[in-house]
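So the sequence lines, in the order shown, correspond to chains A and B. For the first sequence, this note's numbering assigns the number 1 to the initial residue and increments by one for each residue that follows. For the second sequence, this note's numbering assigns the number 1 to the initial residue and increments by one for each residue that follows.
I should point out that these hints are in silico values taken from the structure, not numbers from a laboratory. You may find that some hints are simply not true.
Distance condition first, Cα-Cα at most 27 Å in a straight line; then the derived BS3-like pairs of lysine-lysine [as the list claims (entries may be wrong)]:
(1) B:399 with B:367
(2) A:244 with B:452
(3) B:236 with B:222
(4) B:483 with A:313
(5) A:160 with B:4
Ranges of calculated distance between the beta carbons of each label pair, as one might list FRET restraints [said to hold, decoys possible]:
(6) A:152 with B:102: 49 to 57 Å
(7) B:509 with A:81: 55 to 63 Å
(8) B:5 with A:220: 31 to 39 Å
(9) A:62 with B:32: 51 to 59 Å
(10) A:220 with B:152: 46 to 54 Å
(11) A:242 with B:141: 25 to 33 Å
(12) A:81 with B:8: 53 to 61 Å
(13) A:306 with B:61: 48 to 56 Å
(14) A:78 with B:5: 50 to 58 Å
(15) B:299 with A:150: 52 to 60 Å
Just so you know, these numbers come straight off a predicted model, no measurement behind them. The beta carbon of each residue, even a glycine, is placed where N, CA and C say it ideally should be.
Now for the letters of each chain:
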Amino acid sequence: MRTKQEYLIRYKDGNLYCELADIWIDPSKPVKKALITHAHFDHFTFGCEEYISTKETAILLKERVGDNIKIKTFEYGEEFKINGINISFHPSGHILGSSQIRFIFAEEKWLISGDFKLQRDQTCKQFEIVKTDYLISECTFGLPIFKWDESNKIANDISKWITNSPEKTSLLFCYSLGKAQRLLNELSQTNFKGNIYSHGSIHKMNNRYRELGIDIKDTIKIENKKKIDELKGSLILLPPSLSKGSYLKNFKNIQTAFASGWMSIRALRKRSGYDKGFAISDHADWDGILEVVKKSEAKNVFFHHGDSEALSKYLVEKESINVLLFGK
Amino acid sequence: MSLKKFSELFGDLDSINSTNNKIEVLKNYFLSNDPIDNSWAIYLLTGKSNKRFISGRYLKNLFSQIYEYPQWLIDTCYLKVGDSAEVITLLLKNKTNLRKKKLSNISLNELLSETIPALSKLNEYEKNLEIKNLWEKLPEDNHLIFNKILTGTFRVGVSIGLITKSISKLTNIEEEIISHRLMGDFKPSIDSYQILINKNINLQELNSKPFPFLLANTIEDKIFKNSINDFQFEWKYDGIRMQLIKRSGNVSLWTRGQELVNQSFPELVEKMSHIKDDFVLDGELLVWNFKEQIAFDFSLLQKRINRKSPTRSIQIKYPIIFIAYDLLEINGRDIREIKLENRRIELEKFFSKWQIKTENNISDIFKICDLIFPKDWPDALTYKEKSRENNTEGLIIKKKTSIYSSGRKKGIWWKYKVDPMQLDAVLIYAKGGSGRRAGLYTDYSFALWKDKELIKFASAYSGLTNIEIKELDKWIRKNTIEKFGPVRSLKPEMVFEISFEKIQISKRHKSGIAVRFPRITKWRKDKKINDADSLDNAYELMKKIL
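Turn these sequences into a full structure, and let the hints steer you where they fit.
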């Protein structure tokens, strides 16, 4: 086994870095060359000299940081070379454009899972099993208490939640990129026939999704001066950042909910301050992570994002998989 | 009707914040279910009994055994979830082999009166097998309720008042009657539900039950505008509030938490049974210093509360007294509608009669409360300030013309506490101490209620004894919800009395208030988190000082 210093990919200043190619993966500070797994704010930063991503991620990225960035795009599965290393993007099923990134160097394979899920999501490409020697996986929900319900069941619950309170305006908080569009897609397959409004930050992402050919329900951009009566019985999608503070005063007679994997735990649900929680996530649950670890056939696994202590111990004890730690 | 319905009700009540909606949901539930299931629902929702069939630990061990899950993994999950019943419910979701024939139509009654009680007749092996069997047969949505009932941890944010309101709405019977019918040991049965909703009101039926307690409000400024002569003044004792009832010759002793505690205080029950009249008395139970004629500290009373059938030596070591301050019923006649000043006359009249006419001496265990007669409000204040000297908490001020209604009605009784800078708060965070206290969780944060939410209002680290610190540290480790570095967020369960010197408005704190020199003055093990104070109480305190 190689030592830490010799790993093809390692942690440097809290980010994943490949020294041989002098390339960073989802860096949190400006660098020369950055591979971007997907366009969530915690996976890229402004000011890198060059970005490399999938085509869809590039479009979403530009929506967020503007057109003035240098960005090179590749198709899923398309291999490109940097300093003799073969690199390719593969669908990770997290949001539109999201990818796993594979590195092959001297017949040794490395796979960075990026954020991923296995569950159904018709707004992005299904997760692809990629075989590897070394796997660097996320583990946001790395405990067996996390087991997601089918997304159409959650969508039906949301639909029922709205229609059971026709006198109220239903505010559903969710991440503006990915989660919102997935919910809109799922809701179009339920009985819910009311109006759906979305906040500007969500609305612009909806438009990008539609332009990229994703089927999501029609939404109306929420205007501040909407008459309160018009909103009765409708659904309004808002980013979580608006849940605290004065924004909610724009509405009367509301019920609130949060769509997030964390809502599967009652104590977190109660503490969140929302009336209701819908446990739907764009990350893999415990079984999902285990499945990917096993099917990737990786002999060595690293975890980042989340508390991996329990998952690591479990893999070592129960599955005899070698779990390694990065020196951060 | 099925357990499924009850699970849905639980889910609804858990996610609805509006009181009116909760009442509506409850009313609809009662409308669409059998009397027997309704009576069980009321029994569970009002927390009449939280009998524990198996412990949380047992449940976790059992799951670990059956599904070959490492115990440490379940424990790690528990840290995140903070409730054994819920951890196992969530872990059961991960068992895809739960595909047996479903017990989808089991009723709440069947589960509670047959299935679960039957478990206690089995030996351990059979019991484990049966629980596994039930897990596999019950539909997934019912697992949480089932596990919570098994472990005696069923709780939901519904007060007895809400149940009362919803039944009252359903039946058009006054809340007072429903509330009285719900007092005491409500046993789930078709009959008990029928009696609850019966439109014919028969006083006999309420024979064994205490009346709904009248509760005091925190003092308000406007009271000082009234004539002092409009009020009756009593010391505020720091004991256990109780109704002492003798009806048809039988004595029963009910706490405000509606527990029958005859067994804990047999000497009182025995003595009172010698009185010839029937009565209902409202008063306070205390451990009494007969030499100085003042109450002992509450901590001595705690030594008696949880002890059933105390030995003679315990009875002598911790001598109790019942101090009556109101007479609610005499020889079958309900006198709650009579003015307080006249009830007092009756109370005094009967007390002196009982002292003379009862064969056994009752004065060593029973007396009526002394009244105080301040000549004006400043004088009342002086009395209040002196109350520490006789081990009372301040004054209780009662409107002489008031009737005895139920609950925390405004404008009837007030409490005027000696140290107004005191609030009962819920422990929500703990942080590891340093130096001498290293390795122990000794820095605590406390919260007050705001609607249904607990808002942090003060941090304190002094006031507990070393023994208490150790005990609390142990509890903290077992009841952590989440760790943020050195800080743990805790299951809201423990209530403490926090004292402080100054209270003022602060924009820097989420609570909107800042307190000076907060310290813990009492670990209120006798209080549930719902008994803790609210931010509104804190604002009231502030107003009073300004």
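Status of each hint after checking the structure:
Pair hint residue 399 of chain B plus residue 367 of chain B holds up; C-alpha atoms about 22 Å apart against a cutoff of 27 Å. Distance hint between residue 244 of chain A and residue 452 of chain B is fulfilled; the C-alpha atoms sit about 16 Å from each other, no more than 27 Å. Taken as a hint, the residue 236 of chain B and residue 222 of chain B pair is honoured in the structure, with Cα atoms around 20 Å apart against an allowance of 27 Å. With a CA separation close to 19 Å, the supplied pair residue 483 of chain B and residue 313 of chain A stays within the 27 Å bound.
Restraint check for residue 160 of chain A and residue 4 of chain B: satisfied, since their Cα atoms lie roughly 17 Å apart, inside the 27 Å limit. Roughly 21 Å separates the CB atoms of residue 152 of chain A and residue 102 of chain B, a value that falls outside the hinted 49 to 57 Å. For residue 509 of chain B paired with residue 81 of chain A, a C-beta distance near 57 Å keeps the hint of 55 to 63 Å intact. Roughly 37 Å separates the CB atoms of residue 5 of chain B and residue 220 of chain A, a value that falls within the hinted 31 to 39 Å.
Separated by about 55 Å at the C-beta atoms, residue 62 of chain A and residue 32 of chain B satisfy the suggested range of 51 to 59 Å. Judged by the Cβ atoms, the range 46 to 54 Å given for residue 220 of chain A and residue 152 of chain B holds: they are separated by roughly 50 Å. In this structure the supplied range 25 to 33 Å holds for residue 242 of chain A paired with residue 141 of chain B, their Cβ-Cβ distance being about 32 Å. The hint said 53 to 61 Å for the Cβ distance between residue 81 of chain A and residue 8 of chain B, and at roughly 58 Å that hint holds.
For the pair residue 306 of chain A and residue 61 of chain B, the beta carbons lie near 27 Å from each other, so the given range of 48 to 56 Å is not met. Under the hint 50 to 58 Å, the C-beta atoms of residue 78 of chain A and residue 5 of chain B, about 55 Å apart, fit the expected range. For residue 299 of chain B and residue 150 of chain A, the hinted distance range of 52 to 60 Å is satisfied, since their beta carbons lie about 55 Å from each other.
In summary, the numbered hints that this structure violates are 6, 13.
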